[in-house]
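**Student:** Protein sequence lines correspond, in order, to chains A and B.
Reminder that position 318 of the first sequence reads as 318 in this note's numbering, one-by-one numbering, no gaps.
Reminder that position 60 of the second sequence reads as 60 in this note's numbering, one-by-one numbering, no gaps.
Just so you know, the hints here were simulated from the structure itself, not pulled from any lab data.
Any given hint could turn out to be false.
Said to hold, decoys possible - Simulated pairs of lysine to aspartate or glutamate, EDC-like, Cα-Cα distance not exceeding 20 angstroms:
1. B:Lys100 - B:Glu112
2. A:Lys123 - A:Asp264
3. A:Lys731 - B:Glu101
4. A:Lys120 - A:Asp264
5. A:Lys523 - B:Glu112
6. A:Lys267 - A:Glu317
7. A:Lys522 - B:Glu112
8. A:Lys642 - B:Asp106
9. A:Lys642 - B:Asp108
10. A:Lys642 - B:Glu109
11. A:Lys409 - A:Asp264
12. A:Lys488 - A:Asp324
13. A:Lys267 - A:Glu128
14. A:Lys642 - B:Glu101
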Amino acid sequence: MLGIVPASLFFVFLSKIPAVGRGDAFKEVYPWLSDLGIGFSFNLDGLSMFFALLVTGVGALIMIYAGYYMRSYQKTNRFFGYLVFFMAGMLGLVTASDWITLFMFWEFTSISSFMLIGFKHEKTAAREAALQALLITGGGGLALLAGLIMMSLPYHSFSIEAVINDPQPFLQSSLFVPATILILIGAFTKSAIFPFHFWLPGAMQAPSPVSAFLHSATMVKAGIYLLARLHPVMESQELWIYTLSVFGVVTMFVGAWFALAQQDLKKILAYTTVSALGTMVLLIGTSTAYSVTAALVFLLVHAFYKATLFMMAGNIEKITGTRDMNQLGQLNRFMPVATVISLLALLSMSGIPPMIGFIGKELMYEAKLNAPAAGNFILLTGFLANAFTVFVSLRFAYGVFWGKKQDFKKQPHEPDVSLLVGPAVLVFISLLLGIFPNQIAGLLGSAFQSVLPGETLIKLKLWHGFNEILLLSFLTVLLGVVMFVYRKAIIRIVCYLNSNYFNLKLSQRFFTGIDVFLNLTKKKTAVVQHGYHRFYLMTIFIAAALLLILTMPAVDFQFDFDLKFDGLSFFVMLAAIMIIAGSIAVIVAQSRLVALIATGFVGIGITIVFVLYSGVDLAITMVMVETLTVVLGAMVVYHLPKYLNYSGVGSRIRDGIVAVFFGFVMGFLALQTSKPTTLTKISDYFVENSYTKAFGENIVNVILVDFRALDTLGEIVVLALAAIGIVSLLKLNAQKKSSR
Amino acid sequence: MSLLMAILIGFLYAVSIYLLLRRSIVKLVIGILFLSYATNLMLFFTGGLTETSPAFTDIASTSEVVTASDPLPQALILTALVIGFGVAAFSMVLIYRFYKESGTVDLDELSEIEKS
Numbered sequence: 001m002l003g004i005v006p007a008s009l010f011f012v013f014l015s016k017i018p019a020v021g022r023g024d025a026f027k028e029v030y031p032w033l034s035d036l037g038i039g040f041s042f043n044l045d046g047l048s049m050f051f052a053l054l055v056t057g058v059g060a061l062i063m064i065y066a067g068y069y070m071r072s073y074q075k076t077n078r079f080f081g082y083l084v085f086f087m088a089g090m091l092g093l094v095t096a097s098d099w100i101t102l103f104m105f106w107e108f109t110s111i112s113s114f115m116l117i118g119f120k121h122e123k124t125a126a127r128e129a130a131l132q133a134l135l136i137t138g139g140g141g142l143a144l145l146a147g148l149i150m151m152s153l154p155y156h157s158f159s160i161e162a163v164i165n166d167p168q169p170f171l172q173s174s175l176f177v178p179a180t181i182l183i184l185i186g187a188f189t190k191s192a193i194f195p196f197h198f199w200l201p202g203a204m205q206a207p208s209p210v211s212a213f214l215h216s217a218t219m220v221k222a223g224i225y226l227l228a229r230l231h232p233v234m235e236s237q238e239l240w241i242y243t244l245s246v247f248g249v250v251t252m253f254v255g256a257w258f259a260l261a262q263q264d265l266k267k268i269l270a271y272t273t274v275s276a277l278g279t280m281v282l283l284i285g286t287s288t289a290y291s292v293t294a295a296l297v298f299l300l301v302h303a304f305y306k307a308t309l310f311m312m313a314g315n316i317e318k319i320t321g322t323r324d325m326n327q328l329g330q331l332n333r334f335m336p337v338a339t340v341i342s343l344l345a346l347l348s349m350s351g352i353p354p355m356i357g358f359i360g361k362e363l364m365y366e367a368k369l370n371a372p373a374a375g376n377f378i379l380l381t382g383f384l385a386n387a388f389t390v391f392v393s394l395r396f397a398y399g400v401f402w403g404k405k406q407d408f409k410k411q412p413h414e415p416d417v418s419l420l421v422g423p424a425v426l427v428f429i430s431l432l433l434g435i436f437p438n439q440i441a442g443l444l445g446s447a448f449q450s451v452l453p454g455e456t457l458i459k460l461k462l463w464h465g466f467n468e469i470l471l472l473s474f475l476t477v478l479l480g481v482v483m484f485v486y487r488k489a490i491i492r493i494v495c496y497l498n499s500n501y502f503n504l505k506l507s508q509r510f511f512t513g514i515d516v517f518l519n520l521t522k523k524k525t526a527v528v529q530h531g532y533h534r535f536y537l538m539t540i541f542i543a544a545a546l547l548l549i550l551t552m553p554a555v556d557f558q559f560d561f562d563l564k565f566d567g568l569s570f571f572v573m574l575a576a577i578m579i580i581a582g583s584i585a586v587i588v589a590q591s592r593l594v595a596l597i598a599t600g601f602v603g604i605g606i607t608i609v610f611v612l613y614s615g616v617d618l619a620i621t622m623v624m625v626e627t628l629t630v631v632l633g634a635m636v637v638y639h640l641p642k643y644l645n646y647s648g649v650g651s652r653i654r655d656g657i658v659a660v661f662f663g664f665v666m667g668f669l670a671l672q673t674s675k676p677t678t679l680t681k682i683s684d685y686f687v688e689n690s691y692t693k694a695f696g697e698n699i700v701n702v703i704l705v706d707f708r709a710l711d712t713l714g715e716i717v718v719l720a721l722a723a724i725g726i727v728s729l730l731k732l733n734a735q736k737k738s739s740r
Numbered sequence: 001m002s003l004l005m006a007i008l009i010g011f012l013y014a015v016s017i018y019l020l021l022r023r024s025i026v027k028l029v030i031g032i033l034f035l036s037y038a039t040n041l042m043l044f045f046t047g048g049l050t051e052t053s054p055a056f057t058d059i060a061s062t063s064e065v066v067t068a069s070d071p072l073p074q075a076l077i078l079t080a081l082v083i084g085f086g087v088a089a090f091s092m093v094l095i096y097r098f099y100k101e102s103g104t105v106d107l108d109e110l111s112e113i114e115k116s
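The following block holds chain A by itself, in its conformation from the complex:
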């Protein structure tokens, strides 16, 4: 039922093809963070249309398939939630016309992919694979974000069209190289390009509908979409062309090579997907009319056959309980319809007429023959990769549907109709388009215009006549067949080479790297969070003092040194002596009671200062507070053990230095604040209105109970809370005693 939504969207997009073909653009713009030049905006052009149709079309079929496939699973509502979430993300990604919007949807797909790969979360392997995929694509996403921001800086806007319409400011900006590299990292991680390819085979832990949808037809194509989208900007840049070509060739070959000896059906498909993605990157990087046409056709072809094969692999697993090639065989007897569908898809994958895969491969060879640079090398690698694919297809077909007779636990049978509809439709379209390829020429043409403006799509046809390309195709198939004849020897050799020379273990290394990182952060945390309050405080004080020094204006030493010993000043000196003597007594005291009384002494000294300088209310309050504090302290101290000196001389000196340093800074700060300023005082308002509005002569009192009455209420609440806290702390003790 869920298939209806993507299906109807598919038809909506389909209905817009003629309009887009004419060059009409469908734009949706919503203001988002307009101050930063960010808009939540969408645009439907040829390329977006191409991908949107792919996403919704394949999506609808996958939904039908998944609806039946997931019945044996728990919590399928979550599964469909994630799947729809992903589909929305993917649609947003391919239609966004703002880099930030695109990035947001890009991350949506990464996150939903994480959830879907880890859907069987009770399996450790699934969790690890999900985490690996998330860290790689998410990390790539961050690189992409940085790259996109760098790219958009000269434009003061994140609009995609701005960059595409006028690439010069970006190309000439000093950030061109780093931005390009970061964007490429984003695209390569997403599209599983070597050396980031290893997450894709791992992602096969996901249920088969996910592999069919995300990891073959759509999400991994997001990177390709980004490259295609940016291609008009970058097509003249050597950095872009060479990077794409080199990484494309390597990935194409590495993927095909590792597919050779796999036993797991889904792993085989995953590695051929890696190879196909590499091919697409290479084709975009080759940047000719042939290659771009080939890339678009191949993208479509690949989505069709790979989604089909993943669904069939899921069916086989469901019915026989395994997807290990060694335990499968002779399935053609039990599921003839499924066999036919799979065979057709495999034909498309091998590039054999009359499937559309043949057209894709013909175009690919043509593109490689016409490649501007290193054509022969690319042709040779491409030839080998294709031959490997033919070999793998033959192995798949023979090993699963013919081959040895196996003893299955239960009798295999034809998969349910809903499990066959999706694959059947896709294969049927592949076949139909192979025979009538020009039906999609319009769609491909407008997509082509978005990638390589100024050139025209190469005409698609099944039969090119007898030429070197046909010969190449023939040789490819021949090599594949020859390899298949000697398959035992070849697989043995490949396994030997893989385990002895090409054992990259990228996935394990990735996790080792993560472990090392976690240990590092653990150590770092242990250093910063040591658990000693003194050093936390010391850090705070030193930092505060240094920051104060930084912000303090240049000190001019113009103080009044009028230490007169007459009248008031005499008493002030007396108070100062009291305070200093009391403080010293606190520090050197060997008895806690002496220390407490000396503290009270200091308090009284401060009270005297308040009295002398017109702070009458303060003095009254201070006397009361001091008295109460000392009495309370004496009561508490009575219960505590003797005063002990815990610290050594060294730490005393160190603490002393910190304390004196902080004291100096605060003293200077005080001097700075005491300078007369021309600012109007807030107090003037209180002074003026104290009597007229609040009818009180004591301004301090009036402020407390009238102007700032709510503050005082808060203060009372604090005191009440403290009292409650104290009582409960004491009561807690009594209760414990009684319970004992």
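Given the coordinates of chain A, work out where chain B should sit on it, guided by the hints.
**Tutor:** What follows is chain B alone, placed relative to chain A:
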């Protein structure tokens, strides 16, 4: 007298920091008391030192009370004093409880207890 006051404030801060950095929890609490002394004095000082002229307004006059000391810092300090008392009382009872529960007044030992 502002230099003397500044010296006094700096001195009180220094004493307070020194006490706060001790391992004994009793000294830590006394350090908190000193910290509020120093800060109150600093606030008082920023209001300007006015001799023998408390912030009272004359009943008759409506506006001309410029000579009186600044009432705002005093009001702030008054609040701070009371809150400071609440904090002091609470922390004293807290160290009492702390000692009863843990049997030590050494804060480093507390870290060890926490770790083990």
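**Student:** Of the hints given before, which are not true for this structure?
**Tutor:** Going through the list in order, the structure violates no hint and respects every one.
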